[in-house]
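Novice: Below are the chains, spelled out letter by letter.
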Amino acid sequence: MIVGDSKPLEEILSMIEGRDKVLVLGCRGCVTVCNVGGEKEVGILASALRISRKKAGLPPTVEEMTLERQCDPEYVEELADVAEKYDAIVSIACGVGPQFVAERFRDVAVFPGINTTFIGGALEHGVWAERCQSCGNCLVHNFGGLCPIARCSKSLMNGPCGGSASGNCEISPEVPCVWDQIVQKMSAMGRLQELEQVWPNKNWLTARDGGPRKRVREDLKQ
Amino acid sequence: MRLQYPTNVRVIQLPCSGRVDILHLLRSFEDGVDGVYVAGCMEGDCHFLTGNLKARRKVEYVQKVLESLGIEPGRIEMYNMSSAQGPRFAEVAREFTERIKELGPSPVGQAQAA
Ligand code: SF4
Ligand code: SF4
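Quick mapping for you: the protein sequence lines, in order, are chains W and A. According to the working numbering, the stretch in the first sequence is residues 1 to 222, in order. According to the working numbering, the stretch in the second sequence is residues 1001 to 1114, in order.
No lab work stands behind these hints: they were computed from the structure. It is possible that part of the hints are untrue.
Stated by the list, open to error - Partial chain W-side listing against chain A, Cβ under 7 Å, derived:
1) Ile44
2) Ser52
3) Gly167
4) Asn168
Said to hold, decoys possible - The calculated lysine-lysine pairs, modelled on BS3-like cross-linking and capped at a C-alpha distance of 30 Å, are:
5) W/Lys7 with A/Lys1054
6) W/Lys21 with W/Lys40
7) A/Lys1058 with W/Lys7
Beta carbons: idealized from backbone N, C-alpha and C, even for Gly.
Chain W with its partners taken away, still in its complex shape (with noise of 0.2 Å):
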């Protein structure tokens, strides 16, 4: 899933300074699930803003809404009647949910309420960790599963560096070296000899260098 955390309230606050009617979006899609974004996050981010603009003396019109995903147009559609009425939208969708709902809705200020942060997965409740970087070719078969690019601190794909120490990584001792556990993976496995192999560099333009990215499935459009 796509992970992300609040953006801290006094940075919200500031976005929205002078803005009387504000709708806060929620989204039930990933935001959901790494409880930053969801219906339930809504309420605490709509409530808190309440609060504060109580506090002021000012107009607490602060409106609440999460759709099933803001990342569809069909679902931000649902938006079409309300929308106009805001001075602003906090969407607390990762950062594709802003941007669908300022084009689509272009004369709305909207601000984003969350940081997008990794494509990644929850280790135990309320831990996530960073676990693919869509580089547009995935290899992690080649590694014991698991992922050179978006684990290991260089992206290294002949791993590990001189840096790797007590199974740790040499940026912390809070970082796992992706590269240790690859070595001990494929040792378990009885494939280390597969890790011989020298990768040559690996080509970029399937991953973001390659410019912003977009598909087309002839089979799927209409």
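Fit chain A with the ligands to the known structure of chain W by using the hints.
Specialist: Same frame as chain W, but now just chain A with the ligands:
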């Protein structure tokens, strides 16, 4: 046992302090209350194992929100006491009421009344 505690304290009963919700805590401030405290069982004594620990973390979360909004975080607090400690319940009620009296009325309630 009949114990005296300040009449301004409104008790909301929950089956476990773990059931307290960040949203409900915030809503009470939104409605203009001057302070909220959560009375949970002693740490280590939760019937549901970690309810009171979770309650404490939720209280801490709301403290941070209040701080960000320029409201004294001391307006919300977590207390632990066992159900056998009636006098302690009354003492906490007095202690917290005193604290809130010192802080004065909530700036939210004041702005609303104005
Ligand atoms: S190899 Fe590429 S696509 Fe596969 S997990 Fe790593 S970053 Fe993601
Ligand atoms: S120590 Fe390991 S994870 Fe860190 S940069 Fe080197 S190989 Fe990558």
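Novice: Each hint: holds or not?
Specialist: Taking the hints in turn, this is what the structure says about them:
1. Ile44: holds, 6 Å
2. Ser52: holds, 5 Å
3. Gly167: The hint is violated - glycine 167 of chain W has no Cβ within 7 Å of chain A, the shortest such distance being about 30 Å.
4. Asn168: violated, 28 Å
5. W/Lys7 with A/Lys1054: Distance ~23 Å between lysine 7 of chain W and lysine 1054 of chain A Cα, so the pair holds.
6. W/Lys21 with W/Lys40: Holds. Lysine 21 of chain W to lysine 40 of chain W sits at ~20 Å (cutoff 30 Å).
7. A/Lys1058 with W/Lys7: Holds, at roughly 18 Å.
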